[in-house]
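Listed in order, the protein sequences are those of chains C and R. For reference, each letter of the first sequence is one residue, going 1 to 268 in our numbering. For reference, each letter of the second sequence is one residue, going 1 to 225 in our numbering.
Check the hints yourself; a few may be wrong.
Covered by chain C, per the in silico footprint, the following chain R stretches (three or more residues, Cβ under 8 Å) [to be verified]: (1) 13–26; (2) 30–41; (3) 103–111; (4) 135–141; (5) 161–172; (6) 189–196.
So the derived label-pair ranges between C-beta atoms look like this [claimed, not checked]: (7) C:126 to R:99: 18 to 28 Å; (8) R:100 to C:123: 16 to 26 Å; (9) R:75 to C:235: 52 to 62 Å; (10) C:47 to R:77: 53 to 63 Å; (11) R:45 to C:123: 30 to 40 Å; (12) C:39 to R:117: 31 to 41 Å; (13) R:185 to C:12: 34 to 44 Å; (14) C:47 to R:179: 25 to 35 Å; (15) R:149 to C:55: 52 to 62 Å; (16) R:73 to C:239: 50 to 60 Å; (17) C:51 to R:185: 26 to 36 Å.
Derived from the structure by calculation, the hints contain no laboratory data. Ideal placement from N, C-alpha and C gives every residue a C-beta, glycine not left out.
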Amino acid sequence: MAWLAGVHWDLVVVLLLATAALLWGMRRARRHGPAPRRRIAGLEAMSEAVGRATEMGRPVMYVAGTQDLDDVQTVASLGILGAVGEMTARHGCELIMPTDRSLVLTAGREVLRESYASAGRSDDFVPDMVSYVSDDQFGFAARVDGVIARRRPAAIFLQGAFYAESLLLAEAGAQVGAMQVAGTAMSHQLPFLVAACDHVLIGEEFFAAEAYLTGDVDRLGSLRGQDLVKDVTIGVLLIGALMVTVADVSGWAQLAWVRDALLAFLEG
Amino acid sequence: MSTSFEVWIAAALTLMVFSFLWRDNPFYKFAEHLFVGVSAGYWMVLGFWSTLWPNAVVKLVPEAARVTEPAAALPDRDPLVIIPLALGLLMLLRLWPRAAWLARWPTAFAVGTTLGYNLVRTVRSDFLAQIHATVAPGLVIRTPAGAIDWIATGNQGVIVAGTACCLAYFTYTRTARRARGGVARAGLLLLMVAFGASFAYAVMSRVSLLISRLQFLLGDWLGLA
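Same shape as in the complex, but just chain R (with noise of 0.2 Å):
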């Protein structure tokens, strides 16, 4: 059995939490409350140590990268921050119920820098990339050799097919074809066996992650095996 503090706290909240399992109790909320205090407050530390410190603070006074490090080298002072540091401050408006609406400025300039940002990304990546993918290699696959490899072609095949047939069950006005009924149909059916095929695979992960949590109780804490 281990001597070790850490281990038997590690121990005693890995339990709380199995607790669960059972039904909820006094337990589970000393674990679930302890931990999203923990976790609250040190991404709390985290965001101001991590990205207001170096960003804002240090670049609006070099001589505070020395508080961290003292022997680090003095950024150039950078006043353009005093701009993202205004909308951060707006946020806090919204203690003020007068002023609460001008806390909707900064919202909207990260939806709408973030978003427009990441529209080129994904047009590239989620749209164009995938389509090249999928055409590119044909409908027929050859071995080095030059002779038709089958099962690469039936699988191209029935990417190309199953591509197809599930953008056609994302179509919301063009259903009444009967035609296009079916090939939606297909598309979804396609999908759940992707689904099936997914969830078992995770399953099988999420059991590893009990296993190695079962270990640290066995082995580390217990020293049974």
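Chain C on its own, in the form it takes in the complex (with noise of 0.2 Å):
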């Protein structure tokens, strides 16, 4: 049982917890279906984005992000690109996917073989629309820049992790007229994507894009199971601040005892 020592007990409890939300919100919309959800604006117009690409005769620009893949964000980015390079293979649409890291580039290239095969159109998949850049962050931006700048892209996607390129590009793509959709999860660069783009994903919907586009019953119960999971912890911050000002103010020993418990749980 030694083993068991270094247990950090707080993240067990969490994860399971969490977990069998998740499930619990996947086992009820089999059975009865996905819950209805509130627009995301953002995801509704990246069909309109793309259609209004191919009604130009202009190519799609897809960027995720310019972290590698072990960024959680990237791995959601490629989800989001799986449903855009359905869009695109349909509409027969020019996409262009320049990339900073050799693994997201051979990634993207699977993601988007098996998104132009499921649209029936694996004839139209050239590896080419996936390019390698530079992993340095400005050398990258630079070049997505000229692209821009040259090719001039009716719709362009921004979705995964950015950090100070981000204005960059989107500023880039609003010179030149393109419809923009972005997405992430890194809250210091949101306010320019808002600022800069048509429609940004905030933070956690960027993360849910992915079961709205692909329409899967299993991720949108998931969504469900999320929800639970962020009423427990809106649940948790009212009560225990509530609880922490009471025991201080009182003095209560029993409710003084449950506030440190709470605390050293949350502290771990």
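Two chains, two separate frames, one set of hints: put the complex together.
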């Protein structure tokens, strides 16, 4: 039993509860169908952007952030790429995807190959639609800005983890009049994308995008489970803050014990 | 005016990049291609000497450590390095269409291990620690003398209520109820206020970057400032 000594029980409890909530949501969705969802304007604008590019005869550009595959946002972005790839395949619209990481290059090609196959347009898939530029952050931004100025894409998807290059990319897209749909969980870059893009998937919306776009029952069910986790979190925040206050003000020993236990659990 | 060749090169490249503000032109294209080429080559060389050489070559052939540092102590041989090395080599099989499917294995391994590793860190630092930081001070903040600090108390109330409202905005399947919809809208409003403040702050930092470039051009290069 010595190996149990190093176990972080707070993490185990949280992960087990969160997993149970997700499984509950998925099971419920399988039995009763997915729950009604609120609209996310940025997601509805994606097909509009691809349609616009097709009508204008100009390409669609997709940038999956500037981080490697070990970043969860890049993984989420590849899920959205699959849906966007299916749209461009069905519309017969050219897709350009510059990348700054070799793993993202290979994963992007795999995702698009499958998207084009599922759209019945395998012959239209060209591996060179996904290209490697440079691992350097601003070298990548300089190249993408140049491509935007020369190819003048009608729709640009900036989906993933971005840093200081976010405004450089979004501003270049705005200058050529592209319809831009951005999505990121990088809180420091969201203001730039909100200012320069037509639609933005803010934080959590970005992670929910794949479920919305694919319509997959399990993924839509997991959204309900996630909502349950957020409800519990809101409850812990409000009740916890109130309890800490009352315990401090009243000095009740029993309440102070519960407060200390809760704070110790959260602190790890 | 500077007599340094390097300063002239840096100034010329700076002006070439700035020329993009007018429109795409051959000077910008030259700077862009140079930047991409140099940076791609730099990162490749850096990747070889800082990752592949010490983590693979030196661990398999310890004598190789003295290629870069002649006086270096020889490390122990580590045959287990063959496993990640083999995974890395599997990536190259993408070049042969018949064996290209094998390249998915290292990709899956890299994604799976890093996401699993990050999951624990994220739950700790981005979830539990954030809740603790919001809850721990309570709703009534006191001064060291014991009196109620009304400004800090108000701030704490805004933090707790604002966090709850923003969380409510990011729920997807519970917006039918009117009260919850109002709370979610309040959360969105708070987010936009926060974005506005963050944008203004970041614009100021970008202006300082521009000023430093202008100082380089006017000072280091032209000697005017």
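- Task: Establish whether the coverage given for the region 103–111 of chain R by chain C is satisfied; the threshold is a Cβ-Cβ distance below 8 Å, and no fewer than three residues must meet it.
- Result: It holds: at least three residues are needed, and the region 103–111 of chain R offers 5 whose Cβ sits within less than 8 Å of chain C.
- Query: For the region 13–26 of chain R, do at least 3 residues have a Cβ located nearer than 8 Å to some Cβ of chain C?
  - Reply: Holds, because 4 residues of the region 13–26 of chain R bring their Cβ atoms closer than 8 Å to Cβ atoms of chain C.
- Does the Cβ distance between residue 39 of chain C and residue 117 of chain R fall inside 31 to 41 Å? 35 Å Cβ-Cβ, so the 31 to 41 Å window holds.
- Query: Do the Cβ positions of residue 47 of chain C and residue 179 of chain R conform to the proposed distance bound of 25 to 35 Å?
  - Reply: holds, 33 Å
- At the C-beta level, are residue 126 of chain C and residue 99 of chain R separated by a distance inside 18 to 28 Å? Once the Cβ atoms are compared, 21 Å apart, the range 18 to 28 Å for residue 99 of chain R and residue 126 of chain C holds.
- Has the hinted range 53 to 63 Å been met by the Cβ atoms of residue 47 of chain C and residue 77 of chain R? holds, 57 Å
- Query: So does residue 51 of chain C sit 26 to 36 Å from residue 185 of chain R, Cβ to Cβ?
  - Reply: holds, 30 Å
- Honestly, do residue 185 of chain R and residue 12 of chain C meet the 34 to 44 Å range at C-beta? holds, 36 Å
- According to a criterion of three or more residues whose C-beta lies within less than 8 Å of a C-beta of chain C, is the region 135–141 of chain R covered? Check passed, 6 qualifying residues.
- For the pair residue 45 of chain R and residue 123 of chain C, does the Cβ-Cβ distance stay inside 30 to 40 Å? holds, 39 Å
- For the pair residue 75 of chain R and residue 235 of chain C, does the Cβ-Cβ distance stay inside 52 to 62 Å? Once the Cβ atoms are compared, 53 Å apart, the range 52 to 62 Å for residue 235 of chain C and residue 75 of chain R holds.
- Within 16 to 26 Å or not, the Cβ separation of residue 100 of chain R and residue 123 of chain C? holds, 18 Å
Every hint, counting from the list given before, is met by this structure.
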